[in-house]
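Required output: the full structure, derived from the provided sequences and hints.
Protein sequence lines, in the order shown, are assigned to chains P and A. Using the working numbering, you'd call the opening residue of the first sequence number 1 and step up by one each time. Using the working numbering, you'd call the opening residue of the second sequence number 1 and step up by one each time.
The set of hints was computed from the structure by calculation and includes no laboratory data. Since we're looking at a predicted model, the values are computed, not measured. By construction, the Cβ of each residue, glycine as well, lies at the ideal position given by its N, Cα and C atoms. Be aware that a few hints might be false.
[Stated by the list, open to error] Quick partial rundown of chain A residues pointing at chain P, CB under 10 Å, derived from the structure:
hint, residue
1, S74
2, A108
3, A113
4, G174
5, L253
6, G254
7, M268
8, Q338
9, S510
10, V512
11, A516
12, F589
13, Q591
14, P660
15, D664
[As the list claims (entries may be wrong)] Now the stretches of chain P that chain A is said to cover, found in silico as 3 or more residues with beta-carbon under 8 Å:
hint, region
16, 265–279
17, 322–328
What follows is the residue order along each chain.
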Amino acid sequence: MTTENLQDQVGRPTEPPLMFSMLVQAMRQNLQGTVSIDMPGGETASFVVSDGRVVQVSHPATSSTAILGALIRSGIISDRDVPAVERAARKASIPLDEGVVPAGLVSKGTLATMREALCRETVVAMLLDPSQKPVARWTPVRGLREACALPLPFLLREAQRRHQELPSIRRVVSDPLNVFGRTAATRPDQAQERWEDLKIGAGERQVYFFLDGRRCVADIALATCQSEYEVSRAIASMHEAGLVRAVGNTDIVPTTARASRSALRRLVALLAAVVFLVAGIAWASWTGRIAPAPPLVGGMTDPYRLLLREAPEQRLLGAMRLYHLAFNHQATSFQDLADLRFVLPGDVRAAIRLGLNAIPEGQEAK
Amino acid sequence: MEVIPAPWFTIGEQRPRVPSRLWVCTLIASFFLVVCLPTARGLASEPHGPTSVAPVYVYPLPPGIAHEGGTLLSSLQRRDMSAVELSLSRLEALKNEAGIINLGPIAAAFRGAFPDASANIPSGVATRIVAAAVRLAPDDPEMRILQARTEALRGFDGIGPAANALGEAFSAFGRHPRDISIHAANAATYLLGAIILVLLVSSLALLTRHGRLLAHDVGDLFPSAPATPFSALEMAQSRRFRAIVGSGLTRILGVSLVGLVLLLPIVMGFGLVPAAAVWMVLVLPYAGRSERVAIAAGFISVAILPLLGAMVLLPGRVASSDGALMWSSLKESVGDDQLPAFAHRSLEHPDEPWAPVILARMETRRAPMSPVALEAAAARLVPFATDQSGVVATDLANIRLRLALVSCHQGRPDTARASASLQAFERALRLAPGSTSVLRGLTLSEGLLGDRIGMEKSLQALVAATPNADLDSLVRMRALASPEAACGSPSLVMAELGMPSVPDWTVWFSDVDPWALPPTLPMNAWVMGRTPVGYLPSIGLFGLVILVLASIVRGLLPFASSCSRCQTVSCPSCNREASGFDYCPSCLFEQVKPAFLDPLDVVALQRRREQQRDWSRIVHPLLCLTIPGLGQLLAGRPLRGVLLLLVLFLAVGVVVTPHPPVIDTMAYAGDLGLELPLWPPIALAVVYLASALDTWISRTS
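Shown next as structure tokens:
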């Protein structure tokens, strides 16, 4: 139901519409059957009541094409996806709207939720329209495929509530293109507003979340999957509490355009930064202003490597002094020192460098 | 007059005083030594093949002492402990006679051979022998440690003496700069490598842990960060090909940019350690409290790296300096071949007393009974008699006493010389109050003059100054402290003279600045790049200042953070941009998400989060078990991680290089076992066990 429909109903006599009375009767007497309405242009709308629930709605607003249109309008699928949906529906021999599931575009749950929401809004709109001339045929319908499950008490109560609330809502939200923003956003202490401190209900919180001074009521209805009426009611309630304010809609940029411009700007800026850095490094390396690989310090000049390299020589030096102290003569071969565990087997190279015979005396002949 | 044992140096005529032309020759010889010898050494060290004649490597010890040292070692090899004890007592007497404070080389050789030799001897004998060996080198801390170990092996009774010996060892470290600098260099070698590795690994781990936050903030520097898709329309748009390609490209560019920024320090030649410091600064805003402590430790490590490097190279720098030579000559023994160097030194540094002291001691040793030599030695010392350390005054007083002893005639010393000796000791006592060397000399001097009362008073002062005094020595002194006894056996009196202790560190570092930073670090090209090593303390300090500032302004600046519930990365400004509230946008959206929103989107989001958590749940424990410490760092337990990594790298370093690279060639102990040291495998086992336990304990977090 749109706000235009709501506007039309304001000021009408308080006697309930005929459709409303029929459903009250069906609920009280647990009737089952079909309610048909002639629509302008020769078309007929109908809905099926079974076990106290509306289980199927046949109306241009709930047709496959309409559901597909709603999916497109809500941005879940795009026009370019429609051929794929048609192919999938044809292949699976299912209605067009259900083709979005095998096409991999929308899940079953999303489709069912959206269909039920559309059916609910359609039935409530018909309930509130006193100009309708419905015809009821209370005979059970066999072999029916249930498309939705809308309890009659809920529908009736919802219709009643909307009928009562409509005048006050209209005073705040006069048009679905009205744009609202948070009052806190204009206050200098808006940074202090805390989500946890908001004293509003769950539905209003959902609407409040999407209120950013750029989305219109229709956008928010699509974003939240609430009806425009529910969004308008939440906005009116929050307006009364001073949480939201109306914003002029003259300079509002569509969300899509804004998002793509923003992404493009970011992409270009990042690209420029990366190119600048790479080019700067390349240029500096090319011209020799920076040296990524500084000249390596060789093993002969690195004092730490030299320390490790000279450790065997130092050991040998100490060992030879110790040997001389112990035996009062110089060690003649490396083996003399190794046998006494004064040196390590790996020190043999250092022994050769120092001119010490590295081969045991007995093995020289071999 | 008693027969004097043959001195170990050249017996000959009294050395003439250095004529003026000689020091020119000395200068030329020094030039040759400084310029030509290194070249010759370099050529000799070229691996062209063995040289035909190997040089003779000997300790600069008097021949008598060296010979007795050999006897001691062969006795140890034979495990003949009575011979060992005899050798030790002879060595002590020879040492005192030669005026040597420490027989470092013999003590080191004893230290290397004793553990095997003492395997089956009674603990009482071992303790007695080690105590005698300690007297050979009282300033050698490792001998004290050997004493502590031997005492501890006695069992319960040995605990007290072992503790005392350990205390003595610690105090001896302060008197033995060579030993402590070698130990410090070896420890610093392992620590330096381990700290550099820990720095690199921990900074990379912190970068990995906080990389997403850093990337977010870098991205915020650019216009219009992509908004979180909230409505179905925005979500549908985000699933379109162009949006996917665009966001993928943006992500790749963002990651490339962050990568370039992080690599920039290395590319610019900063080196890995300064780059690690930069990385730590970059992750500072995102670090938790314990991570900030770890980062502070990292900055301190960066600052002390040059000091560790200097510590590693210090023994090598000092070993080739005159300071080390002077210290060894004063505290241990000196070779004849080193005398020209000291002569040269005394000419180059006319205000420094140490080279003249060494030369005077050498002259005294060379001709202890020659009045001419003693007068010459005294003349060397007179210009420095007012030296505040009291060493010169004590040495001078000792020479004066020797002069008095050699002036004995018919059992009475020359009164004038004996009085001069007494006055010299009194001057020395004013400069070095309580010095045992001075008190010993004073006692003997007063005894020589026949002043019994003064001698007794000095002896009491000596006993008071040395509670653990050798009673035998005191008895000997009392027996010798009379004019007749002293003149009858002057060499015995001279053996009782004490050698004053020199200011070890001043002498050791007389030519080398211990705080001079090294020009490089190990693998300098990688570790430091083109950054001078001297900048590291400033870098560390700067990092600490940044750390303090970051801790102060942390709450004021809108840095990115990770939502504790859903791990979504966002910052306050992005949060407000997305929803108007400083609240995680994903969590907020969870609370208000429209009913018809594709459940697959929600499920996919949850699955992605769970996959991420699963990844870290598997990878972190695996890393903890493979590289202890790394998993802890990534999981946000940085202190444990850093500690485990440090112990791991230290243990691996010891396994790779089990024998310390810095070796004391002037006091070599030998006894190199081929087996690995025991503690690295134990440390490795402990580290892996601790890491596994930590993983088990922290599995739920």
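To see whether the hints hold, each was checked on the structure:
no.: 1; hint: S74; result: holds, 7 Å
no.: 2; hint: A108; result: holds, 8 Å
no.: 3; hint: A113; result: holds, 8 Å
no.: 4; hint: G174; result: violated, 24 Å
no.: 5; hint: L253; result: holds, 4 Å
no.: 6; hint: G254; result: holds, 6 Å
no.: 7; hint: M268; result: holds, 5 Å
no.: 8; hint: Q338; result: violated, 15 Å
no.: 9; hint: S510; result: violated, 22 Å
no.: 10; hint: V512; result: violated, 14 Å
no.: 11; hint: A516; result: violated, 13 Å
no.: 12; hint: F589; result: holds, 8 Å
no.: 13; hint: Q591; result: holds, 7 Å
no.: 14; hint: P660; result: holds, 8 Å
no.: 15; hint: D664; result: holds, 7 Å
no.: 16; hint: 265–279; result: holds (count 10)
no.: 17; hint: 322–328; result: holds (count 6)
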